[in-house]
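With the hints as extra help, turn the sequences into a complete structure.
As a plain string of letters, each chain reads:
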Amino acid sequence: MGVILEVKNLTKKFSGLTAVNDMSFEINRGEFVGLIGPNGAGKTTIFNMISGFEKPSSGTIRFNGQDITGMKPFKIVNLGLVRTFQLVRSFKYLSILDNINVSCLSRRGKKIAKEYGIDEYSSTILASVGLVDKARIPPIILPHGDLRKLQIGKALGTNPELLLLDEPFSGLSHEESVSITNLINSLHSDGVTVFVTGHVLRELMHLVPRVIAMHQGKFIADGSPRDVANNKIVLEAYLGKGEGFA
Amino acid sequence: MFNRAYKKILQLPGYLKIWIKSFTGALTVFCVIGLILLPFSSNTPSFQNVMLRTFTYAMIFSIFAASWDFLAGIAGQVSFGHTIFLGVAGYICAILVKFLLFPIWISIFIGAFGAVLFGLIIGVPCLRLKGPYLALGTLAFSLIILLILIMGSLSEFLYGGAGIPALPRLSTNPTIEYLYVLAFMVISFIILIRLSKSKFGTILKSIRDDDTGSRASGINITRYKLYAYMISGFFAGIAGSLYAFYITAVNPSGNFGLVNSFFAIIMASLGGIATISGSALGAFFFVFLEYILIQAGFGNWVYLIFAIILIIVIRFAEHGLLKPILERLKDLWDILLGR
Numbered sequence: 001m002g003v004i005l006e007v008k009n010l011t012k013k014f015s016g017l018t019a020v021n022d023m024s025f026e027i028n029r030g031e032f033v034g035l036i037g038p039n040g041a042g043k044t045t046i047f048n049m050i051s052g053f054e055k056p057s058s059g060t061i062r063f064n065g066q067d068i069t070g071m072k073p074f075k076i077v078n079l080g081l082v083r084t085f086q087l088v089r090s091f092k093y094l095s096i097l098d099n100i101n102v103s104c105l106s107r108r109g110k111k112i113a114k115e116y117g118i119d120e121y122s123s124t125i126l127a128s129v130g131l132v133d134k135a136r137i138p139p140i141i142l143p144h145g146d147l148r149k150l151q152i153g154k155a156l157g158t159n160p161e162l163l164l165l166d167e168p169f170s171g172l173s174h175e176e177s178v179s180i181t182n183l184i185n186s187l188h189s190d191g192v193t194v195f196v197t198g199h200v201l202r203e204l205m206h207l208v209p210r211v212i213a214m215h216q217g218k219f220i221a222d223g224s225p226r227d228v229a230n231n232k233i234v235l236e237a238y239l240g241k242g243e244g245f246a
Numbered sequence: 001m002f003n004r005a006y007k008k009i010l011q012l013p014g015y016l017k018i019w020i021k022s023f024t025g026a027l028t029v030f031c032v033i034g035l036i037l038l039p040f041s042s043n044t045p046s047f048q049n050v051m052l053r054t055f056t057y058a059m060i061f062s063i064f065a066a067s068w069d070f071l072a073g074i075a076g077q078v079s080f081g082h083t084i085f086l087g088v089a090g091y092i093c094a095i096l097v098k099f100l101l102f103p104i105w106i107s108i109f110i111g112a113f114g115a116v117l118f119g120l121i122i123g124v125p126c127l128r129l130k131g132p133y134l135a136l137g138t139l140a141f142s143l144i145i146l147l148i149l150i151m152g153s154l155s156e157f158l159y160g161g162a163g164i165p166a167l168p169r170l171s172t173n174p175t176i177e178y179l180y181v182l183a184f185m186v187i188s189f190i191i192l193i194r195l196s197k198s199k200f201g202t203i204l205k206s207i208r209d210d211d212t213g214s215r216a217s218g219i220n221i222t223r224y225k226l227y228a229y230m231i232s233g234f235f236a237g238i239a240g241s242l243y244a245f246y247i248t249a250v251n252p253s254g255n256f257g258l259v260n261s262f263f264a265i266i267m268a269s270l271g272g273i274a275t276i277s278g279s280a281l282g283a284f285f286f287v288f289l290e291y292i293l294i295q296a297g298f299g300n301w302v303y304l305i306f307a308i309i310l311i312i313v314i315r316f317a318e319h320g321l322l323k324p325i326l327e328r329l330k331d332l333w334d335i336l337l338g339r
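First to last, the sequence lines map onto chains A and B.
Residue numbers for the first sequence follow my numbering, so the first one is 1 and each next one is one higher.
Residue numbers for the second sequence follow my numbering, so the first one is 1 and each next one is one higher.
Calculated pairs, DSSO-like style, for lysine-lysine (alpha carbon to alpha carbon, straight line, at most 27 Å):
1) A:K72 x B:K199
2) B:K197 x B:K21
3) A:K92 x B:K323
4) A:K92 x B:K197
5) A:K110 x B:K197
6) B:K130 x A:K92
7) B:K197 x A:K134
8) A:K72 x B:K130
9) B:K323 x A:K134
10) B:K199 x A:K75
11) B:K197 x A:K111
12) B:K199 x B:K130
13) A:K114 x A:K75
14) A:K13 x A:K72
15) B:K330 x B:K197
16) A:K111 x B:K199
17) B:K323 x B:K21
18) B:K130 x A:K13
19) A:K110 x A:K75
20) A:K72 x A:K111
21) A:K75 x B:K130
22) A:K55 x B:K130
23) A:K92 x A:K114
24) A:K134 x B:K199
25) A:K134 x A:K114
26) A:K110 x B:K199
27) A:K72 x A:K92
28) A:K72 x A:K55
29) A:K218 x A:K13
30) A:K114 x B:K199
31) A:K218 x A:K72
32) B:K197 x A:K114
33) B:K199 x A:K92
34) A:K111 x A:K75
If you want the footprint, here are the derived chain A segments under chain B, 3+ residues with CB under 8 Å:
35) 81–87
36) 105–115
By construction, these hints were calculated from the structure, which means they are not laboratory data.
Just so you know, even glycine gets a beta-carbon here, dropped at the ideal spot from N, CA and C.
Here you go:
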């Protein structure tokens, strides 16, 4: 077990606006944690800082005991901390297989993929995310749900220890959400630590055993989904003051 | 004994066999054999001195355009200063051969490695630039070098605007010169096409399509971008060296002129960006159309006509002429074979 990710006093200021204000939390190896908060709470900014795409104004981030604050994104990925994006990103003129191949060609991905052969290893990843029959087509003609699966597949190519999923359910139909949920659950049972954001409480409630809630850049609650959903400050953040929650 | 050796030669690697039997493979082999046989088709001085020289020119610019296509089409680093590589390699060749009495063959490769070095010199400050800003940055670089050569203190040493004249040719025999350049072209294209279809090429294409996504996939994009600059610089440098010995002189406006960069861009776009082989089609089309226009007395109209053709191609065949032409030829081929 042990702590895999330790975030301490993390703060991000954008010329006057404090997007993330003194956030601290820890995630243990093998945990499955959700990060919730209304739109604009600063969830994506936290992910950007953890994955190296933005430099924190102050505070430290440690991954597996190593200080990764301000490290370059590709180095963080090669340590085993991988994120997906809220808006789907894909290499649009490459085939689905090559989209995965790119991750498998990263320094960390290559270590495993070389044993099996890059293309073969990518194909097994495609099979595990359920896109193996679409390996040869470019991603521009995929439906949104499949693009979400591709995002996760691309992350898996680098053989992550800790997977950050930024709003993996946004824009999905109910059926698509269910298949992504199953996919994430199976990843977690394979031993990947998963940290997932969402702005809709309901989606994450059934998925994760632990939720961290934030509002306007500040930490407000940490605990089981039931506790957090009944937390007075969380309710106020979502619904405004003085209203109940069914 | 002989029978066995013969059989061994015939046992080409499987994928090569399949490739030669495929339509594009057969067409490529046909074109290369045609190019090899071309100089032996006629012995008249006008053919040797005009036609073959024009072909040689087209082949040199094929390499140059293909190197631009590798950088811009495969790696997504759209450079408007590609002529720097052409000029640097040409000037290095001229200095080595003229003042230091190096052999031509060694100077060609030293020139190319000089261009690789300039690939790094341009690549490092341009790493953070994207899209139109990268194009402007490389354009600025190319102008700076041009101005240094014309007006700076280097200009005295390098003969200023007049350049270094009277270089030797690759060979005084146009046929042999042609065959040398053809060999360079075939090898350059094989390497560039193999690279662009390899896993290395996949990484470069991922940077082109989405560099943030590429970083998130654990790719050190800085390193790969620099590789792309260096490889592109090497082949542009080869073209630049050959070009210096082709026109037997180097001068700032001829070798560092912005127009060379635009030639490469036009050739690659005419053929089809990110196809590599399209650059050869574009270069031949471009050079021979220029030749015909000059012969017909429209020499002053060349750039105007090219600009119009480019606009038409971009409007109606944005992926270049190579793919539609290949498709038509394949249809014709299938009809001829009665398929």
